[in-house]
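Peer 1: Protein chains in written order, with the numbering used here: chain P, 1 to 291; chain A, 1 to 211.
One or more of the hints may lead you astray.
[Claimed, not checked] Over 12 Å on every C-beta distance to chain P, these chain A residues come out as not near it, computed from the model:
hint	residue
1	S38
2	L144
3	H156
[Unchecked claim] Derived Cβ-Cβ restraints for the label pairs, each shown as a range:
hint	chain 1	residue 1	chain 2	residue 2	range
4	P	V272	A	V143	34 to 40 Å
5	A	P125	P	G52	26 to 32 Å
6	A	I168	P	R120	32 to 38 Å
7	P	L25	A	A9	50 to 56 Å
8	A	Y17	P	I180	40 to 46 Å
9	A	I168	P	R151	51 to 57 Å
10	P	N271	A	V143	40 to 46 Å
11	A	W169	P	P147	37 to 43 Å
12	P	P65	A	S178	21 to 27 Å
13	A	S18	P	Y210	34 to 40 Å
14	P	R151	A	S178	39 to 45 Å
15	P	G86	A	L131	38 to 44 Å
16	P	D108	A	F150	25 to 31 Å
17	A	S32	P	I264	44 to 50 Å
In case anyone wonders, no lab produced these hints; they're calculated from the structure.
Bear in mind that the values here come from a model prediction, so they are computed numbers and not experimental data.
C-beta: ideal position from N, C-alpha, C; glycine also.
Here's the letter readout for the chains.
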Amino acid sequence: MSDAQQVGGIDRRWVYLLVAVGALLPVLIPMGLPILTTPAVEALFQRVESFGPQDVLMLSFDYGPSSAPELDPMADAILRHCFTRGVRVVVLALFPLGGPNMAQGSLDRVTGEFSVEEGRDFVYLGYKDGAQAVMRRMAEDISAAFPRDHRGIPLKEIPLMQEVRGYPQIGVAVSLATGILGEYWANLVNAQFGQTVAVGATAVSAPKYYTYLKAGQMIGLLGGLKGAAEYEELLASAYPELRDRARVARRGMDVQSIVHLIIIVFILLGNVFYVLSRSERTRAGGRLGPR
Amino acid sequence: MDLVSAWVAAFLTLAIYSFLYKDNPLYRFAESLFVGLSLGYEIGIVLHRTIIPNLFQKLAADPGRNWYLVIGGVLGIMLYLRYVQRVSFLGRWALAVYMGYFVGVELMQRLHGDVLPQVKDTMLPLLPLSLASVQNLLVLVGVLSVLVYFYFSRPHTGILRPVSRLGIWFIMVCFGASFGYTVMARISLLVGRLTFLVDDWVRPTLAAILG
Chain P
1 MSDAQQVGGI
11 DRRWVYLLVA
21 VGALLPVLIP
31 MGLPILTTPA
41 VEALFQRVES
51 FGPQDVLMLS
61 FDYGPSSAPE
71 LDPMADAILR
81 HCFTRGVRVV
91 VLALFPLGGP
101 NMAQGSLDRV
111 TGEFSVEEGR
121 DFVYLGYKDG
131 AQAVMRRMAE
141 DISAAFPRDH
151 RGIPLKEIPL
161 MQEVRGYPQI
171 GVAVSLATGI
181 LGEYWANLVN
191 AQFGQTVAVG
201 ATAVSAPKYY
211 TYLKAGQMIG
221 LLGGLKGAAE
231 YEELLASAYP
241 ELRDRARVAR
251 RGMDVQSIVH
261 LIIIVFILLG
271 NVFYVLSRSE
281 RTRAGGRLGP
291 R
Chain A
1 MDLVSAWVAA
11 FLTLAIYSFL
21 YKDNPLYRFA
31 ESLFVGLSLG
41 YEIGIVLHRT
51 IIPNLFQKLA
61 ADPGRNWYLV
71 IGGVLGIMLY
81 LRYVQRVSFL
91 GRWALAVYMG
101 YFVGVELMQR
111 LHGDVLPQVK
121 DTMLPLLPLS
131 LASVQNLLVL
141 VGVLSVLVYF
151 YFSRPHTGIL
161 RPVSRLGIWF
171 IMVCFGASFG
181 YTVMARISLL
191 VGRLTFLVDD
201 WVRPTLAAIL
211 G
């Protein structure tokens with residue numbers, strides 16, 4: 001076996017180890033690499049910026065723990081943005097496998113930082129099964145889909161929900177989604193009911209949402225941890241007092257940058273060694289192509 | 001998160017990651033535990049947040065007004081009759097109702113919310129010439145060439161051959177973007193676990209030991 005083949009055939013566990021070390025270092029020692037923002041994220045941020053205490057944002061937790069590292073920072077940043085501006089929030093969960101816990105966890109983390117009152121400044125409706133049916137029902141009457149909030153209090157007794165009957169009273173509906181649920185907000189809630197929609201998607205799903213964004217079916221898109229980091233960056237720039245709190249995703253992007261560099265180096269090295277070993281085989285009179 | 005929970009979660013995290021070295025009993029234990037817990041969680045949440053409040057409690061509260069809910073409940077039970085050989089055909093009836101409903105809902109939703117807006121978004125102005133019109137032309141060429149690639153009723157010869165080849169290039173660019181995003185997603189999950197291990201496990205443990 002030639003030198004090139006030997007190096008190219010390195011045990012993949014060495015690659016894992018290098019990625020682990022590259023990922024761990026920025027977690028231990030944050031580097032604060034710059035975050036560049038994109039129009040898709042700025043659009044949602046600016047929409048929330050234009051809101052005031054009379055406006056309501058709907059935040060749907062359509063993901064579970066497996067997507068939490070990407071979507072939790074988005075949820076926290078959006079909630080902080082709303083509460084800082086006095087925008088009221090209607091929270092719900094449509095993803096069965098952990099959605100309710102994700103919503104409760106985010107509210108627990110953020111509401112303690114602000115002097116907000118449940119029922120007046122925000123409402124958590126809880127979880128309801130049957131995503132599309134729930135979305136349709138909410139267009140007619142939110143209380144028909146969620147007769148009570150997560151504490152069991154009837155919606156008609158909650159001050160905020162006395163003003164919010166359905167989509168017409170919602171300024172923008174933001175879905176933090178894994179899988180197909182985010183699509184329903186665009187191709188059902190926006191297309192059929194004209195509700196302004198934005199989606200925070202896992203990075204795996206993000207490419208498909210660009211078609212909805214470009215077609216005007218969504219006003220904003222936060223794609224994966226990068227989207228969350230961009231929103232945190234915009235929030236920290238506009239509200240410096242939140243800089244230390246809105247940093248989970250920005251810190252994660254340090255890791256992304258280092259690990260992506262490692263991956264790029266390995267892709268380049270892999271191709272170089274492939275070409276070298278191929279040319280060695282050609283010189284030795286062997287057949288072309290990988291063995 | 002209290003320290004005991006953090007230790008349990010850290011143990012399970014490391015057990016899962018131990019697969020990267022090689023398959024082992026700890027990994028299989030953590031994997032099986034995850035599958036079992038996920039299934040139990042989902043059953044519990046659907047039972048307590050949907051079936052009990054939306055079916056049983058409503059029927060108990062006002063059976064005269066909510067009688068129609070029995071239909072849904074019976075159809076749901078019928079789905080499980082597929083496991084009883086003598087009456088398994090009843091499971092197909094319930095499935096047929098479910099499919100009919102879902103196809104009806106989904107068909108209109110896809111047509112109205114996906115096909116029409118996306119077709120409309122490809123009908124873009126190509127004149128007057130500008131950077132925007134060049135982008136619009138790129139979108140148009142991309143859509144048409146990819147559609148030609150997926151046209152299988154004629155062999156890709158003659159003019160169809162270069163156009164379908166161009167379509168492959170557009171598809172490859174799309175796959176590349178998707179793969180890049182997928183890598184980012186997987187690294188994000190690693191970030192989440194490492195952050196947990198450092199912030200919620202190692203640091204509190206050291207703090208507890210060192211006082």
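Peer 1: All the hints need checking, so say for each whether the structure fits it.
Peer 2: Hints, verified against the model:
1. With a minimum CB-CB distance of about 6 Å to chain P, A/S38 fails to clear the 12 Å threshold, and the non-interface call is violated.
2. Residue placement check: A/L144 keeps its beta carbon more than 12 Å from all beta carbons of chain P (closest about 16 Å).
3. Here A/H156 stays apart from chain P, with its beta-carbon at least about 25 Å from theirs, past the 12 Å limit.
4. P/V272 and A/V143 have their C-beta atoms about 37 Å apart, which keeps the hinted 34 to 40 Å range intact.
5. Taken as a hint, the range 26 to 32 Å is violated for the pair A/P125 and P/G52, whose Cβ atoms sit roughly 37 Å apart.
6. Against the hinted window of 32 to 38 Å, the Cβ-Cβ separation of A/I168 and P/R120 comes to about 57 Å, which falls outside the hint.
7. The hint said 50 to 56 Å for the Cβ distance between P/L25 and A/A9, and at roughly 22 Å that hint is violated.
8. Against the hinted window of 40 to 46 Å, the Cβ-Cβ separation of A/Y17 and P/I180 comes to about 29 Å, which falls outside the hint.
9. Distance hint for A/I168 and P/R151: a CB-CB separation of about 55 Å, consistent with the stated range 51 to 57 Å.
10. Taking 40 to 46 Å as the suggested C-beta distance range, the pair P/N271 and A/V143 does not conform, at roughly 31 Å.
11. At about 53 Å, the CB distance of A/W169 to P/P147 disagrees with the hint of 37 to 43 Å.
12. Distance hint check: the CB atoms of P/P65 and A/S178 are about 23 Å apart, consistent with the given range 21 to 27 Å.
13. Hint check: A/S18 to P/Y210, Cβ distance near 37 Å, so the stated range 34 to 40 Å holds.
14. Checking the proposed 39 to 45 Å range against P/R151 and A/S178 shows it holds: the Cβ atoms sit about 41 Å from each other.
15. Roughly 40 Å separates the CB atoms of P/G86 and A/L131, a value that falls within the hinted 38 to 44 Å.
16. Checked against the hint of 25 to 31 Å, the C-beta distance between P/D108 and A/F150 comes to roughly 48 Å, which is inconsistent with it.
17. Between A/S32 and P/I264 the Cβ separation comes to about 36 Å, which falls outside the hinted range of 44 to 50 Å.
When the structure is compared with the earlier hints, violations turn up for hints 1, 5, 6, 7, 8, 10, 11, 16 and 17 and for no others.
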